[in-house]
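Peer 1: Given next are the chains, with one letter for each unit.
There are 2 protein chains.
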Amino acid sequence: MKRTAYIGQLTESHVGQTVTLQGWVNRRRDLGGLIFLKLRDRSGLVQVQVEPDSPAFPQADQLRAEYVAEIEGTYQLRPEGQRKGGLADFEVIASRVRVLNTAKTPPFELDKGESVAEDIRLKYRYLDLRRPEMQRHLLLRSKAVAAITAFLDTEGFVQVETPMLTKSTPEGARDFLVPSRLNPGEFYALPQSPQLFKQLLMISGMDRYYQLARCFRDEDLRADRQPDFTQLDMELSFVEQDDVLELNERLLSHVFRETLGVELPLPFPRLSYFEAMDQYGSDKPDLRFDSAFEDVTGLFRGGEFAAFASAGCVKVLVAPELTRRQIDELERVAKQNGARGLAWLRREGEGFTGGISKFVGAQTAELLARTGVQDGGTLLFSAGEWKGAVSALGAVRLALRDLFDLTAGGPRFHVAWVMEFPQLDFDPESGTWTYMHHPFTAPHPDDVALFGTERQGEIRAQAYDLVLNGFEVGGGSIRIHDPQVQAQMFGAIGFTPEQAQDKFGFFMDALAYGTPPHGGIAWGFDRLIMVMTGASSIREVIAFPKNNRGADLMALAPSPVEAAQLGEVGLQVQTPERV
Amino acid sequence: MKRTAYIGQLTESHVGQTVTLQGWVNRRRDLGGLIFLKLRDRSGLVQVQVEPDSPAFPQADQLRAEYVAEIEGTYQLRPEGQRKGGLADFEVIASRVRVLNTAKTPPFELDKGESVAEDIRLKYRYLDLRRPEMQRHLLLRSKAVAAITAFLDTEGFVQVETPMLTKSTPEGARDFLVPSRLNPGEFYALPQSPQLFKQLLMISGMDRYYQLARCFRDEDLRADRQPDFTQLDMELSFVEQDDVLELNERLLSHVFRETLGVELPLPFPRLSYFEAMDQYGSDKPDLRFDSAFEDVTGLFRGGEFAAFASAGCVKVLVAPELTRRQIDELERVAKQNGARGLAWLRREGEGFTGGISKFVGAQTAELLARTGVQDGGTLLFSAGEWKGAVSALGAVRLALRDLFDLTAGGPRFHVAWVMEFPQLDFDPESGTWTYMHHPFTAPHPDDVALFGTERQGEIRAQAYDLVLNGFEVGGGSIRIHDPQVQAQMFGAIGFTPEQAQDKFGFFMDALAYGTPPHGGIAWGFDRLIMVMTGASSIREVIAFPKNNRGADLMALAPSPVEAAQLGEVGLQVQTPERV
Numbered sequence: 001m002k003r004t005a006y007i008g009q010l011t012e013s014h015v016g017q018t019v020t021l022q023g024w025v026n027r028r029r030d031l032g033g034l035i036f037l038k039l040r041d042r043s044g045l046v047q048v049q050v051e052p053d054s055p056a057f058p059q060a061d062q063l064r065a066e067y068v069a070e071i072e073g074t075y076q077l078r079p080e081g082q083r084k085g086g087l088a089d090f091e092v093i094a095s096r097v098r099v100l101n102t103a104k105t106p107p108f109e110l111d112k113g114e115s116v117a118e119d120i121r122l123k124y125r126y127l128d129l130r131r132p133e134m135q136r137h138l139l140l141r142s143k144a145v146a147a148i149t150a151f152l153d154t155e156g157f158v159q160v161e162t163p164m165l166t167k168s169t170p171e172g173a174r175d176f177l178v179p180s181r182l183n184p185g186e187f188y189a190l191p192q193s194p195q196l197f198k199q200l201l202m203i204s205g206m207d208r209y210y211q212l213a214r215c216f217r218d219e220d221l222r223a224d225r226q227p228d229f230t231q232l233d234m235e236l237s238f239v240e241q242d243d244v245l246e247l248n249e250r251l252l253s254h255v256f257r258e259t260l261g262v263e264l265p266l267p268f269p270r271l272s273y274f275e276a277m278d279q280y281g282s283d284k285p286d287l288r289f290d291s292a293f294e295d296v297t298g299l300f301r302g303g304e305f306a307a308f309a310s311a312g313c314v315k316v317l318v319a320p321e322l323t324r325r326q327i328d329e330l331e332r333v334a335k336q337n338g339a340r341g342l343a344w345l346r347r348e349g350e351g352f353t354g355g356i357s358k359f360v361g362a363q364t365a366e367l368l369a370r371t372g373v374q375d376g377g378t379l380l381f382s383a384g385e386w387k388g389a390v391s392a393l394g395a396v397r398l399a400l401r402d403l404f405d406l407t408a409g410g411p412r413f414h415v416a417w418v419m420e421f422p423q424l425d426f427d428p429e430s431g432t433w434t435y436m437h438h439p440f441t442a443p444h445p446d447d448v449a450l451f452g453t454e455r456q457g458e459i460r461a462q463a464y465d466l467v468l469n470g471f472e473v474g475g476g477s478i479r480i481h482d483p484q485v486q487a488q489m490f491g492a493i494g495f496t497p498e499q500a501q502d503k504f505g506f507f508m509d510a511l512a513y514g515t516p517p518h519g520g521i522a523w524g525f526d527r528l529i530m531v532m533t534g535a536s537s538i539r540e541v542i543a544f545p546k547n548n549r550g551a552d553l554m555a556l557a558p559s560p561v562e563a564a565q566l567g568e569v570g571l572q573v574q575t576p577e578r579v
Numbered sequence: 001m002k003r004t005a006y007i008g009q010l011t012e013s014h015v016g017q018t019v020t021l022q023g024w025v026n027r028r029r030d031l032g033g034l035i036f037l038k039l040r041d042r043s044g045l046v047q048v049q050v051e052p053d054s055p056a057f058p059q060a061d062q063l064r065a066e067y068v069a070e071i072e073g074t075y076q077l078r079p080e081g082q083r084k085g086g087l088a089d090f091e092v093i094a095s096r097v098r099v100l101n102t103a104k105t106p107p108f109e110l111d112k113g114e115s116v117a118e119d120i121r122l123k124y125r126y127l128d129l130r131r132p133e134m135q136r137h138l139l140l141r142s143k144a145v146a147a148i149t150a151f152l153d154t155e156g157f158v159q160v161e162t163p164m165l166t167k168s169t170p171e172g173a174r175d176f177l178v179p180s181r182l183n184p185g186e187f188y189a190l191p192q193s194p195q196l197f198k199q200l201l202m203i204s205g206m207d208r209y210y211q212l213a214r215c216f217r218d219e220d221l222r223a224d225r226q227p228d229f230t231q232l233d234m235e236l237s238f239v240e241q242d243d244v245l246e247l248n249e250r251l252l253s254h255v256f257r258e259t260l261g262v263e264l265p266l267p268f269p270r271l272s273y274f275e276a277m278d279q280y281g282s283d284k285p286d287l288r289f290d291s292a293f294e295d296v297t298g299l300f301r302g303g304e305f306a307a308f309a310s311a312g313c314v315k316v317l318v319a320p321e322l323t324r325r326q327i328d329e330l331e332r333v334a335k336q337n338g339a340r341g342l343a344w345l346r347r348e349g350e351g352f353t354g355g356i357s358k359f360v361g362a363q364t365a366e367l368l369a370r371t372g373v374q375d376g377g378t379l380l381f382s383a384g385e386w387k388g389a390v391s392a393l394g395a396v397r398l399a400l401r402d403l404f405d406l407t408a409g410g411p412r413f414h415v416a417w418v419m420e421f422p423q424l425d426f427d428p429e430s431g432t433w434t435y436m437h438h439p440f441t442a443p444h445p446d447d448v449a450l451f452g453t454e455r456q457g458e459i460r461a462q463a464y465d466l467v468l469n470g471f472e473v474g475g476g477s478i479r480i481h482d483p484q485v486q487a488q489m490f491g492a493i494g495f496t497p498e499q500a501q502d503k504f505g506f507f508m509d510a511l512a513y514g515t516p517p518h519g520g521i522a523w524g525f526d527r528l529i530m531v532m533t534g535a536s537s538i539r540e541v542i543a544f545p546k547n548n549r550g551a552d553l554m555a556l557a558p559s560p561v562e563a564a565q566l567g568e569v570g571l572q573v574q575t576p577e578r579v
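Going down the list, the protein sequences come from chains G and B. Numbering-wise, the first sequence is residues 1 to 579 according to full-length UniProt numbering. Numbering-wise, the second sequence is residues 1 to 579 according to full-length UniProt numbering.
Okay, chain G solo, but in the shape it has when bound (with noise of 0.2 Å):
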C-alpha cells in the first residue's frame, strides 16, 4: 500500500509514468459513459479519467463523494485545449481502482468553507479539517514548531515541560481547577503559563529554556479567545533586554523564512509605549500603513475653540474625502472608545468647511502645513486627557484602514517592538498602584530609584511587545533577580512583606538561593499563526477548538459526570437553591 507521491508532488517528470495514487473522491462526473474524478489529499487534488472499458471501471462506478481510494494509473499532460497552466493540466488515466472505504454524505458541502454555518463545522470537525485551507493553516502551524524547535536547539535551548497540575500563577485571571482524589477536597490549578517555573529553571542553571506550552484561563470568552491556548515561552540567564529582542528578531525571522519564504527586514523597528500610544493610539499599532496623529495641542491652546482651548491633548488624524455617513461610522467608533465625539474638518482649496471650520480660522495655514491634508480631504481631531484621546483616534485609525483598505501599499507583514511600558498602573477609583506587566518584571536600572516616591508613575519597565500588523503577538521583560528590588516592587503595589510571602511563598524563596539575571518572552502562537496564514480568528488555526461558551461541539464537552465520580474527589454539585 504505498504511494507515489502526494499528489501535490507530482510534477512534469511523471508524465507517462504509472502512478498509484491515494485520497478522497472530491467530486465525480460521469460524462459521455466516462467517469471524472477528483481525487483529493492534503497537497492537492487531480483530475483522474476512467474509461468505460477499463479494467478499473467497475469499482471506479462505486465511488461516491468523500470515498476513500488508491488509484493507479498513467500521468498525463490533458489535450491541448483543455490546458490553462499549472498542476491542473495533467490527469490521471486509471488502470486500477480500489475502494478503500466508503462514506456517508458529508452534512454540509466541503467547498462552501467558511460560509458554511461555524457551529455544523465545528460538529463535523473532521470534515470540515478536510478543506484545502485548514490543512494549509495547520500545515503551516507545525512548519513554524518546527522551525522553532530546530533553531532554539542550535541556539543552546533546553526544551523543558512545566506542569500541568499545579499551583496558581500570578497572570491574574481565573484558574480552571482540577479536584485530587488523592487529597479529597484540594485541587490543583492548570497553569496560565508557566511563568513562575520558566524563571525557576534560570534559577536552577538551565541557562536557557524554551516550551511550546499549553496555557489555561477561565475568562468569559470573547470572539477571539478559546479557554486553552498555546504559548512559545522561553527564557534566558545572563542576559540584557538587547539580548532577547536580538535573538527573537533572528528567530521570527526563521520562522517567516522557512514556512512562507517571507523575508522580514531586521532589526525590527523600536517604538516606546509612550511613542506608540502618542502616534497611533495603540501599544500595538498596525504600521503596514502610517497615518500618525499630528500634535496640534499647542496650536488650539487658549483659542477660541472651549473643547480644545483647555485640553489635555489634542491631536489629528488625516484621512481621505468622507461622506458624512462615513464620518458618522468614525463618530461611531470614537465614541465605543471613549470619546465624547469625533472633530472633523474637510479641506476646500486653501480652507476647511464643516465640522469645527468656524472655530479655527487662526490655525488654518498652521494646520494645512502641518497636516498636508490633500484637498478634499477630512481632518480627524481627539481632544482630552491624552490616553482616552490618543485611544480614541487610534480606533478611528484602525476604522479607516478597514474602510480604505489602508494597508494594499505596505508590506505583507510590520513587525516591530513596543517597549518601555510603566511599571506600575495607578488605579485613580482605588487609589492603589499595580503591576503593568507581572510583579517580576525587572524596572529600568536608572527608575530603580523613584520606587516609593510621588515619581513611581514614571517608573519604566524593562517590558517589551512584539507587535505583528495590529496584533500583540508576544510581551516579555528583563526579571528582577534581586531579592532586594523584588521587596520594594512588592512595597510600591502596597504588598506587606507577609503578603507577598503568602502569595508568592516558595518563588520568594527560591529568588534568594542565587538568582541569575534573566529575563524571557512569551509568543502567542495561535495568534501569531493566524496572522501568518491570513487567518479570520484563531479557531481557524487550531485543530479542535472549543466554541464561545467553551464547548466542544463535537466531543460534545463539557459534559455532566456520575456523582460517584464527583464524591471520588470529595464534591457534590450545589442544587439550585444553595446556588
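Derived from the structure by calculation, the hints contain no laboratory data. Among the hints, a few may not be true.
To be verified - Lysine to aspartate or glutamate pairs mimicking EDC-like chemistry, simulated, CA-CA at most 16 Å apart: (1) Lys503(G) with Glu240(B); (2) Lys143(G) with Glu155(B); (3) Lys2(B) with Glu246(G); (4) Lys104(B) with Glu562(G); (5) Lys167(G) with Glu562(B); (6) Lys2(B) with Glu240(G); (7) Lys2(G) with Asp153(B); (8) Lys143(B) with Glu240(G); (9) Lys503(B) with Asp509(G); (10) Lys104(B) with Asp482(G); (11) Lys167(B) with Glu562(G); (12) Lys143(G) with Asp153(B); (13) Lys143(B) with Glu562(G); (14) Lys2(G) with Glu155(B); (15) Lys387(G) with Glu458(G); (16) Lys2(B) with Glu155(G); (17) Lys358(G) with Glu304(G).
Bear in mind the structure is a predicted one, so any value in this text is a computation, not a measurement.
Given chain G, put chain B in place with the hints provided.
Peer 2: Okay, now just chain B, sitting in the frame of chain G:
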C-alpha cells in the same frame, strides 16, 4: 554581559586567552592567601584562582557557595604536577570578578545527589536541578525532542495539538475532571491520550500526525507513576503494520544516534506475544541477556513427580550456582508472582542433588543435555497453567539478572518488537470478553472470521509493543477503519450498538464519513528517557514531578481553594458526614 563560552565548551585553543565565564560558585577554598573557586554552569566546572594582589580579590572574597558570578581571567594549563588529563587540567587566573547575586546556604549539599532524602530534593527542586546529573537528563530529553521533531517533519508528519479540555477517552483509567464555570455542573476531562483525536485527524486527511502529548490518568500512584506524563504520539494513514514498525525503527535509531551517539542495530528483532511469554515469561522481556526457558512439559508428563506429571506447562531456567539463601529469595519472588513454590536441582557431576532430585532420576540425562547446566549450577522450575507458570519464572529470571548482573556482558541497549497480541481477553470471573489493547485495534485480517465463534480468543491483534531493556517504551496498533469490523468488535466484547453509540458516539459517526486505513503508536516518553539516561525513576527525568501522593512539594499543590471559587463552578466540598 557576554560569556566567551559555556565552561564545557572551553578547549585548548582558549589557553592563554582572556575568557569570561558566568555561573555558580560550586565550592570556595582559601589556601595560602589565595582563593580557589569551582565555577559551575550547566556544561561543567572549572577551577578559578584569585591571587591576593589581584584586582579581582575584593569581589572574589565576597563569594560563597551558590553565589552567582561573572569571572574574567586567563585560561591556562595547571602546573605540570597537577594535571590528570581532561578538562580538570585547565584553570582560570581571575583578573575581574563580578558578584551577580548572593545566595543563602542551600538546605542540602548538592554534591550528595540522590543520597539526599527525595522529599527535600523535591521541595527545593530548583537546587536539585543544579546537579550535573539532572542537567544531563533534561538536556538529553530536550535533544531527543529536537531529533524527533526534525525527523518527523522531514518525513512529512504534521504536528497537531489536540484538546486538553475534553471528554473521556476509552483508556479505561480514571479521568481527572475540570469543572466548567460557563456550564456549571458540567465537567471537562483531561485527556488520557489523544487516541480518538489522532484517529479523527486521519479521518480528516491529515495523513501523518505526531505530537508530544501530555496525558493524564488519575490512578493510585505506584512507585514510578506520575498523574501526568508525556507521550510521543503518532498516527499514519494508508499504512500497514510493517510501515509503522519500519518508520519507528528509523526514528528511534535516529534519536539514539543524535543524543547518545549509539547505533541501534536494524531491523529490531520481533517476537510474538506467545514467544516472549513462553521463552522469557514477560511481554516486555529484557533481552540484553538470553536465559530463555526450556520447555520440559513433555519430559515430565505422566512421570513419577506428581506436581509436574499433569501440569499444563513445565518450564526450566538455568541459573549459576546458588546458595540456599538465594534459592529461598528466588522462591519468594516466584510466590509473589503467583507460583506455589520454586522447584530446583543442583548439578553435581553427571547427576542432580537437592530440591526435587529424588523425583527426576529418569529425566537426568535429558535435562543435562537440554539445559546445558554447568557443574554446580542450578535448574529452576515452574509448573502449572501456561501463563501463570511462565510469568512466575519470568520474574525469577529478572531477579537472577539483578543478583548476578547478567546484563554486564550484553549490549547497553536492546530493543525489540513484541507483536501478535491476542485481540480479546477472557475474564473467567465475570465470564466476559474484553479488549486487550483498546476497542479500536484492528484484528489480523486472516482472523476476522473468528469473531463471535468459540475460537475468538485466538484472534490476533495487529498490535505491537516497543520493548527496550525490559521496559515497554511504546505501544500501538493498526486501527479498525471498517465500520462493520468495528461493529463486530463491539459485539465480541458484549456492547450493543446502542451502548457503542452511547460510549463512543461522535467517533462512531466520524468513522462512517470516509476513514482511510490507518495505524500508529505512542511512546512512553518519560520512561524512554529514563532508560536512555540510566536514571532510577521517571521522576529523575521530569523537571518538576509529583511525589507518590500526587503532590508538588515545592509549589504545594494540590491545595484547598476558597468556597467562593468553588461556588463559581457550581460545586461544594462534601461535608465529612456525607462522604
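Peer 1: If a hint holds in the structure, say so; if it doesn't, say that too.
Peer 2: Evaluation of the provided hints:
no., hint, in the structure
1, Lys503(G) with Glu240(B), "violated (54 Å)"
2, Lys143(G) with Glu155(B), "holds (12 Å)"
3, Lys2(B) with Glu246(G), "holds (14 Å)"
4, Lys104(B) with Glu562(G), "violated (50 Å)"
5, Lys167(G) with Glu562(B), "holds (13 Å)"
6, Lys2(B) with Glu240(G), "holds (10 Å)"
7, Lys2(G) with Asp153(B), "violated (19 Å)"
8, Lys143(B) with Glu240(G), "violated (26 Å)"
9, Lys503(B) with Asp509(G), "violated (48 Å)"
10, Lys104(B) with Asp482(G), "holds (13 Å)"
11, Lys167(B) with Glu562(G), "holds (13 Å)"
12, Lys143(G) with Asp153(B), "holds (7 Å)"
13, Lys143(B) with Glu562(G), "violated (43 Å)"
14, Lys2(G) with Glu155(B), "holds (14 Å)"
15, Lys387(G) with Glu458(G), "holds (15 Å)"
16, Lys2(B) with Glu155(G), "holds (14 Å)"
17, Lys358(G) with Glu304(G), "holds (10 Å)"
In the structure shown, a violation is registered for the earlier hints numbered 1, 4, 7, 8, 9, 13, in ascending order.
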